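Asker: Chains as they are written, first to last, in my numbering: chain P, 1 to 429; chain S, 1 to 123.
Everything labelled a hint here was simulated from the structure, so no lab data went into it. Please note that the accuracy of each hint is not assured.
[Said to hold, decoys possible] Quick list of in silico lysine-lysine cross-link-like pairs, DSS-like style, CA-CA up to 27 Å:
1) S/K52 / P/K33
2) P/K180 / S/K90
3) S/K98 / P/K180
4) S/K12 / P/K33
5) S/K2 / P/K33
[Stated by the list, open to error] Anything over 12 Å on all C-beta distances counts as not near chain S; from chain P, calculated:
6) A380
7) G386
8) A403
Keep in mind it's a predicted model, so treat the numbers as computed, not measured. C-beta: ideal position from N, C-alpha, C; glycine also.
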Amino acid sequence: MNNSDTAWLLVATALVLLMTPALGFFYGGLVRKKNALNTMMMSVCALGFAGLGWALVGYSIAFGRGNAWFGDLSMAFLRGVDLRPQGTIPHLLFFAFQGTFAIITAALISGSIVERMRFGPYLAFLTLWSILVYAPVAHWVWGGGWLAKLGAIDFAGGTVVHVNAAAAALVVALTLRPRKDYARRAVLPHNVPFTLLGAGLLWFGWFGFNGGSALAANGIAALAFVNTMLAPIATLVVWILLDLSRTGRATAVGAATAIVVGLVAVTPAAGFVSPISALLLGAVAAVPSYFALLWRARTRIDDSLDVVAAHGVGGTVGALLTGVLAQKSWNGVADGLLFGNPRQLAIQAVGVLGTIAFSAAGTFAIVKLLGVFGAIRASARDEGLGLDVTQHGEEAYSRGEGAILVLPDAGSSRGLPATALLETEPGTP
Amino acid sequence: MKLVVAIVRPEKLADVLESLFRAEVRGLTLHRVQGHGGETEHVETYRGTTVKMELSDKIRLEIGVSDHFVQPTVDAILRGARTGEVGDGKIFVVPVEKVYRIRTGEEDQAAVTPIEETAPVPT
């Protein structure tokens with residue numbers, strides 16, 4: 001057990017947990033005003049539902065011994081997850097740190113299905129997905145599964161988190177079909193400052209995500225931490241230059257997206273590549289995601305907030321470039337294509353393809369299963385009115401005009417308006 | 001000349017505008033308003049405080065038209081704004097005493113005729 005490692009992982013866990021509400025702001029700003037709360041709740045509720053699934057069985061499926069594909073249930077209900085060391089930190093802390101990853105991965109999917117999914121089925125999907133899809137894929141790479149044995153390297157989850165979430169996001173978006181207004185009328189972000197705030201907080205939290213994935217307060221953590229700063233810097237610059245050269249205007253939504261794309265791309269590479277490689281990786285990663293966004297918007301694929309372009313394309317590019325730029329002289333783990341080991345690139349590609357196939361199939365099965373129990377999609381009327389009012393009974397920007405207080409003890413089960421009660425009170429002058 | 005005042009659902013506004021555009025009705029003003037037209041109120045809850053929203057958001061359109069344009073305008077709004085549920089709104093057609101176009105000082109019929117129509121249609 002090492003006290004400084006423990007201290008850093010305590011902080012890193014809190015940093016990664018903050019990324020999920022940050023994602024709520026990032027996504028929430030990009031939707032219309034009438035769906036702002038619903039979109040943010042999709043992230044916020046992952047903290048509860050994916051977190052609970054992780055604590056009860058997900059962690060055990062991911063990190064139990066098991067076989068090459070799944071862990072086991074030996075640590076279900078946190079059995080044996082105690083203060084004994086796991087590496088140099090308490091096992092319990094390792095569990096919590098990994099839990100924050102399960103939470104944000106599930107929340108990421110929500111970006112493709114905003115403004116049209118009923119909330120109950122969403123919560124069920126979130127819980128089942130984090131147990132049945134996320135936990136096994138985490139096992140493959142980090143729990144001693146087949147990808148780990150094959151030699152795939154994924155420092156903080158480019159494949160496990162981002163490619164996995166993006167494959168699921170695409171499948172759910174296609175199954176749910178486009179929003180009724182999609183490609184028929186302008187659907188604009190209602191609060192771009194929220195999106196910038198979310199991107200900023202995501203970057204902040206991502207230092208824990210990548211830096212913490214060293215599982216120690218050491219040189220590798222410093223490398224991952226600094227690369228987490230450098231790669232998005234390069235992505236942001238290239239993105240802004242692309243924006244300027246195409247339209248003559250640097251956009252704020254573009255800048256926020258660029259930061260996320262850079263962070264996604266460096267995630268698998270963070271602790272394996274040199275700082276100058278991280279800059280290169282960030283710069284290169286901007287291009288495919290930028291054009292994927294432009295292409296997607298012209299299709300009938302309503303991946304509403306572009307989870308595939310940002311996380312799928314960015315994550316794939318990052319995972320492959322990890323196989324190109326990894327350097328044993330920095331990390332002592334593996335060399336990439338550029339450093340004389342072309343096999344690593346092939347292994348990385350296998351990891352990406354395997355994850356996409358499993359995630360897509362698993363997600364499709366879950367969505368179809370949920371469809372048996374009732375409608376997953378909100379009615380056209382609810383979609384028109386907005387999901388804040390229809391799913392949550394709240395408004396993000398309520399003016400309070402015309403709101404009449406319903407007294408809880410008014411005698412009638414439906415409640416009487418307070419004003420009506422006042423008017424009928426005897427002796428009122 | 002008449003003033004066509006229409007109260008419509010915000011979520012149907014795009015349809016109404018499209019339908020007015022197809023009917024070649026140009027020149028309108030809109031306000032975001034709140035009102036009550038007999039639709040069922042929705043209930044919202046904030047930390048144990050439950051409120052009934054008596055007023056719903058609506059869009060109020062004002063369109064000044066010459067007499068022969070009243071019916072096409074009304075038809076376009078009916079087409080665009082109808083869902084068949086309570087709360088679709090109302091259209092009021094109001095007589096107008098005098099109209100001026102500020103830019104040119106034109107009056108009445110000329111003031112509500114779009115600029116590309118050179119010959120004003122007699123009332």
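Asker: Now look at each hint and say whether the structure bears it out.
Answerer: Verification of the hints:
no. : hint           : result
1   : S/K52 / P/K33  : holds, 20 Å
2   : P/K180 / S/K90 : holds, 25 Å
3   : S/K98 / P/K180 : violated, 43 Å
4   : S/K12 / P/K33  : holds, 16 Å
5   : S/K2 / P/K33   : violated, 35 Å
6   : A380           : violated, 10 Å
7   : G386           : violated, 8 Å
8   : A403           : violated, 4 Å
Comparing the model with each numbered hint stated earlier shows that hints 3, 5, 6, 7, 8 do not hold.
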